[in-house]
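**Q** As a plain string of letters, each chain reads:
2 protein chains.
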Amino acid sequence: MKKEIINELVGIVGQDWVVSDLSQMQSYLYDETELRIRPIANEDCVVVKPSTAQEVSEVVKLANKHLVPVVPRGGGTGLCGAAIPTSSSIVLSLERLNKIVEFDNKNLMITVEAGVTLEGLLEEMKEHGKLFFPVHPGDEGAQIGGMVVENAGGVRAVKHGIMRSHVKGVEVVLPTGELVNLGGKLIKNNMGYDLLHMMIGSEGTLGIVTKATLKLYAKNPNIGTLLVSFDTAEQAADVVPLILQEGIIPLAIEYMDRETALVSAEHIGQTYPATKGEVDLMFILDEATEDDLYAKCERIVEMCEENGAVDSLIAETSKDQRNLLEIRSNVYTAYKENIVDALDMAVPSASVPSFLKDLKAIAVKYNTESAVVGHIADGNVHNFIMLKDGKVPDYADDMRNEMYAAARKYGGTITAEHGTGKTRMKHMHQQYSPREIEIMKGVKKAFDPNNILNPGTIVD
Amino acid sequence: MKKEIINELVGIVGQDWVVSDLSQMQSYLYDETELRIRPIANEDCVVVKPSTAQEVSEVVKLANKHLVPVVPRGGGTGLCGAAIPTSSSIVLSLERLNKIVEFDNKNLMITVEAGVTLEGLLEEMKEHGKLFFPVHPGDEGAQIGGMVVENAGGVRAVKHGIMRSHVKGVEVVLPTGELVNLGGKLIKNNMGYDLLHMMIGSEGTLGIVTKATLKLYAKNPNIGTLLVSFDTAEQAADVVPLILQEGIIPLAIEYMDRETALVSAEHIGQTYPATKGEVDLMFILDEATEDDLYAKCERIVEMCEENGAVDSLIAETSKDQRNLLEIRSNVYTAYKENIVDALDMAVPSASVPSFLKDLKAIAVKYNTESAVVGHIADGNVHNFIMLKDGKVPDYADDMRNEMYAAARKYGGTITAEHGTGKTRMKHMHQQYSPREIEIMKGVKKAFDPNNILNPGTIVD
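If you read the sequences in order, they're chains E and W. For the first sequence, my numbering gives the first residue as 1, with consecutive numbering after it. For the second sequence, my numbering gives the first residue as 1, with consecutive numbering after it.
Incorrect hints may appear among the rest.
Because identical chains share one entry, a pair is satisfied inside a single copy or across any pair of copies.
Stated by the list, open to error - Listed next, the in silico DSS-like pairs over lysine-lysine satisfying Cα-Cα at most 27 Å (straight line):
1. Lys441 / Lys61
2. Lys441 / Lys388
3. Lys61 / Lys357
4. Lys360 / Lys3
5. Lys65 / Lys445
Read the hints as simulated data drawn from the structure, not as lab findings.
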């Protein structure tokens, strides 16, 4: 990185907040993307840590002057390589924009700076017992700004949707350096094109979010977890819409292959409580009253039994609930060492059983396995391409393409929540027509005429 | 309109579905925008009524060849002049795309062609008793395609949000003629930029929606309506967040000035049931069980009384409920004859009382009145600029600008649900910076390089 640029950055944020020594920069060059598929970071970078939106704006203006890319960085928990600088860049970390700006009890909203972590937000929410923020993508090290631009999802989408449902306003530094506010403490806004909704999910390519206003909801204090076992994925999938049609909306409905669950349980030294059947649904419910909770749990069990469930158990204590959730959460870590790629497709939820069969058939064809867990009520399936004899197998690309094609066959998406980033950009043509990709490039150009912000992400 | 173009249109859709005689075209030239503010239609138009998305595509390609504008038209119930052709145009009516495509019980979604009316959708939903579609902007003559591109709202946004929350997929003819599908039967999709969310609210400028897939929800069969009276708007507004914080989420919370309510009641020959106090909140609740309904109504009344309510009544019979709703719904028609402009601003809901004071002060300043009703829980206020001695007063523009400025002072929006269209485009600079408007123009250009679709709407 040119000395001149480094000096100007020091002029904006001060000596202490510019890192130009490669040895101190390593933790800013990668995110949580799988080792075997992540792009290689360009090491000719400089890390800058502004403390205000104004400083972010000045950095972006400087970048436009020198035509050097800026790669915004949140908690580094992303899974699509969006935060990895692949050309010589200014890596702009939001970590110092870490203040809770305002808890607004009357509008049921909270405004936080972009660098506040999910953990920090949840801590703050403990102070305001009655209300809660529903989105939880798993890793509490994620920063709110990153969750906005990655449109984070997670297990609770059944009941509460994704980030897009709850982000009402953002303060954002545009790629040309202007500081603007999109949206606000508003439920309805039909003035102009909705640039707020373009910003959500834009992966740091259309602007740098510096502040976000999030909708809050009344907390239902009674939590229960149910584990119900079935012989087949079809039986499990078929019962899901019946439950939703009755107006029972669990916080989460998770699907697990038994084999996968057992591997995960063993990995963390737990005993998996289900023994009958081949697949499980895990229901998490949060209800206003204890009566509601038990009535709904009972009704779910009843409906599952009518649809062929072979066993069910209620995790009564919070310890039992935690154990179950840990087994579900550790599926990824149990397999991590041997993973080439963690896929993240979604199909219409009713197509999940057929899609699972397709995934299995593709794995069998390549003489390998592909463990599956999924947010079944929103059709979001996570499965893996595994190492073969400790190496990335020759067939990995073909297998991935075939799995993507299977998802597309049902009108599905290649990535439900992890994002396009730098790792899935090459697959855009599998989901979108040339004209759609051309429009996306035009949108990028409208926001970022000099292609300064996070180039090589989503579109070329 | 050139004979050549008319002939080519006949070639696409057949003689019966092209209207080029001005006398038969009148009902296609205007929408429901107030007479005194609506733009004047250019009468050198031709109306075309394709019956398939393929035909829509061919019309749009023809328009690109001749560089003649296309103005898409739904039910004509819009309130911002978006459907009024202000230059010599092809008016493309979606009325023949009127089929229910698929009721998908397993995915809890319904797919309809764009020209299906809200009335038609509600009729269809009666066949599927357990599920319902929540958005209701008031006029059931609205077509679903129009509701998508206008991002329709209405009274039920408190509980269910707006169209944006429920539109999961659209089939759309792009301004360059290609037919594409955006989104799908998906709850999560993070591949690429979200063009679906650009299409929602784009007012027929970025594409012609030909089909929409909408999310459905379990119907709560127990409906109740509560009317609670207060002395001041502040008292009424202050109780709203307390109710939401308890997890009681009514279908609707409507605010009415007493004076306004009385005018409306008289207009339709009803007796308004409330007599004490100066303002009312009307709560509509839909709950799963009768017990839930009564418990929540009681709790609301209790909380209102703790916050200064002077009277309350429950509309027990569906006749009483209908009467109350009719009074609320007829506020607009009661004043219609004397309305210059029906405004549609929104502010953060906690700012509603201050905003109402501002609106009143502005009306007093101009020695006029401005009746107010509002969706108070989402901060959306509807008020009027009235005729003076039967004429549009000189101060109308100044008064409107001052009211818009008042909304902006609280971080509000000029239009919460009616849209920008051709009537509010000139006010874009009151809400957005030059750079934001420039980006919006760039987005339009990315979709519509020849500026074919509905030019002069949202952006120049």
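**Q** Now, for every hint given, state plainly whether the structure supports it.
**A** Going through the hints against the structure:
1. Lys441 / Lys61: Both: 22 Å inside a chain and 22 Å across chains, each within 27 Å.
2. Lys441 / Lys388: neither (37 Å within a copy, 51 Å between copies)
3. Lys61 / Lys357: neither (51 Å within a copy, 41 Å between copies)
4. Lys360 / Lys3: neither (54 Å within a copy, 60 Å between copies)
5. Lys65 / Lys445: Answer is both: 17 Å inside a copy and 26 Å across each meet the 27 Å cutoff.
Checked against the numbered hints given earlier, the structure breaks hints 2, 3, 4 and satisfies all the rest.
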